[in-house]
Amino acid sequence: MSVDQEALQGGVLCGYAFPRAAHVFARFADPAAGRRWLAGLAPQVTSAVPWTAGKPASTLNVALSMPGLRLLGVADDGFPEDFRDGMAARGERLGDAGPDHHAGWERGLCDRWAHAVVTVHARDDGDAALDAAVAALAVPAGVETVVEELRVLPEGREHFGFRDGLAQPAIADERAGPWQGLGTPQPGRKLESWEPVAPGEFVLGHPSEDGELPPAPPAPLDRESSYLVLRKLEQHVATWRSWMLERAGGDPAAAEALAARLMGRWPNGTPVARCPQAPDPALDDRALWAPDLDEATRRRRFALLNDFGYAGDEDGRRCPLTAHIRRSGPRDAFGDGRRSRRHRLVRRGMPYGPAAPAGRDDDGQRRGLWFACFQSSIVRQFELVQRDWLNDGDAFGLGADPDLVAGSGSPEAKAVVRDVGGRAVRVLGPLPRVVTLRGGGYFLAPSRPALAALTG
Amino acid sequence: MTWLLPVAGDVAALRARIAALPAGDASPFAAIPGAHVGRLVVLDGLADPRGGPPSGPLLLVAVDADGTAAGATAAVAGRLGEVLAHCEGYPAAGDGADVDRWLRRHRVRDGFSLRPYPDATVEEVRRALDVRARLAAFAVQADGLTPAQLRAAFVEAFGR
Amino acid sequence: MGAGRERVQPLTIAVPIHRWWLWWLRVSFPLAERVWPVNRITKRRLLGLRFIHFAHWGLATRVPHRGGRRLPVPYVLFHTNYNGDLVSYVDAFSIVVADQLRLQLQGSYGFPGPEPLGPFRRYFFEKAFREDHFWCAYPEASVKTVVAGMALEDELGRLRAAARDGDAAFAAGWERFLERHAERL
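From first to last, the protein sequence lines are chains F, S and X.
One point on numbering: in the working numbering, the residue at position 354 of the first sequence is 354, and numbering is uninterrupted.
One point on numbering: in the working numbering, the residue at position 73 of the second sequence is 529, and numbering is uninterrupted.
One point on numbering: in the working numbering, the residue at position 178 of the third sequence is 794, and numbering is uninterrupted.
Worth double-checking, as some hints may not be accurate.
Stated by the list, open to error - Among the chain X residues that face chain S by a calculated CB cut under 10 angstroms, a handful are:
1) Leu641
2) Phe645
3) Pro653
4) Arg656
5) Thr658
6) His669
7) Leu702
8) Pro728
9) Cys752
10) Ala753
11) Leu772
12) Ala779
13) Asp783
In case anyone wonders, no lab produced these hints; they're calculated from the structure.
Glycine included, every Cβ here is placed at the ideal spot set by N, Cα and C.
All chains, please: the whole structure from these sequences, using the hints.
What follows is the structure, given as structure tokens:
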């Protein structure tokens, strides 16, 4: 059974690849105000139907928090505990403590405050296009909003300088996929034969990898809906750069190698597991999109960005066990890719804030990544990855060490890296805090018919 | 070691007794010499898949401890008497040997078992954890030290 | 989050089995437990999972076990201590030791087979009991840290010996140690 692309919201199974976006966090003074506004937006919500006549100028998508659903008259029954609680209440479980604690989050950027988050994407890079898309929301009296603007950085990189969002699950759906991306590495077969992931891992109402329908709330929210997790991750770029350079003895090339090992990719996206010593220049953005490159070669090169695993590198000599991408997407690191297949995320994160200027000095600007991911079970997917793989290292034999990039930090945390700065092996610590959580929430992106029914 | 004991009388009273046991270092299992882990599980009833009434209630007692089975049995008898007293046939008036005999009758032997560190005592496990933590901390401290500094720091941390 | 976290979790299961299956388990359990190389083959993959501290399988047929009343059907009593996510534990069994699960549970009532994972997980959890009291001597430990620590303990002796041979010898010994064991730290 294929996903109903008319009903499913766009951006869930296939990204828009637009350069600008905004998350508009909205709080309703009363149910009528919220219902009226959303009813007006509902017909404009972008579906998952492929664009045949070119990309539109902008897109619009809506997701609701549990408080928002309650306000619209939806009962808690049938919703999983994680979603009912919301991200702030799950902070202890997630390890969102200290500077990450919700008490310090920015106003409005929380599923306790926000009843809905409306996300618009703009096709054109200029401010005018995004401003127009946000203005078109026509926020009425009785709806308070907080607007967060996002902007893709050159070559699809995030603020630490690494190409981001490369590994996405390939979906086993005749219309929604598979496309460039990853399924599950199959035991005993070549890596090239990834098995696409069941759509029910991301969309309610479809069989999951277990061959069963994931638990879902009552109709009409039980089909073509998807849980959305948002996290505003402020990146401390100056701290990142200073620490890398200092630990590399002031050698910029060694600093890049060190950062690559801790990330698991070189800045251009080359997987360290594939090329531990240096990035593959054929994977530079410029080389990949060279006009004289034939399509077959381009496809092969794109495959190099993702067609790799960790089997055979169980002790992390090629790619460190603590590398961020190894921890957030272990592939076959547990010996069999099927052991991590139920913890996949469709990631739709986008940077915010200006690109950091060259150098190590802090320019005082705030910047980071608005992490976003879709799934059919928050506890099994996002929460397991965040809690058991990123904030705790035991699954990888790393004891309690959190992930440098997305973990909650610990004064005892360390990282083992090889071949950096002329040294065979180094044990580095304590790891600095390079990311701070500034807000976040759990939302449900309902199907378009469900949204219409809720607001009608 | 595992024991399966029929509960006598009120299961709620047994549950209340177990709930009153202190946790952590004050748990009665902590007083069993060489104990790694211990558990008490009240089985309200073992379901009969053929539709008959469930068997039970039963109390499952399990402990993994260093040393001999006889030693563990005696230790369980000595430390968990107030819990075991809620089970059928518990020789309340008997001496230690009676309780030992009663427990032995209820023991369910392992058919198959798994232990990734089969011969390690509790002390050895704790020492291994401590060594790992100290060596990890030292390795972080050691990054960038000269050979002389490195050796001096090691000797200070671990002795010769 | 990781530091100080209680990692050792208990799980207790009782699986009813057909009486004819009891005889197979009475033969196969001792084989798998004690007879080389059957025990080696059987345990290698389970130990390779590296998140099981202890696991015990026993057969309950009577209460009291010796000379007591016969239970209407026999049961496999399974109790274990593990690290990490329980669902991942059960799924790992389905994926990594599927054939062993069949050899052990094929004759149990309602066994759906190790895959697909959903029905097996339900079958498994339906038979689980909540622990009323659980205690562990080293609750913060994981199997991986214990096993790594034991390997490192042997190395510590070598490092101490190298420290007696001067700065250069110790530095070289330390580098060798890191080369071989850094990922265990």
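Identify every previously stated hint that the structure contradicts and give their numbers, smallest first. 3, 4, 7, 8
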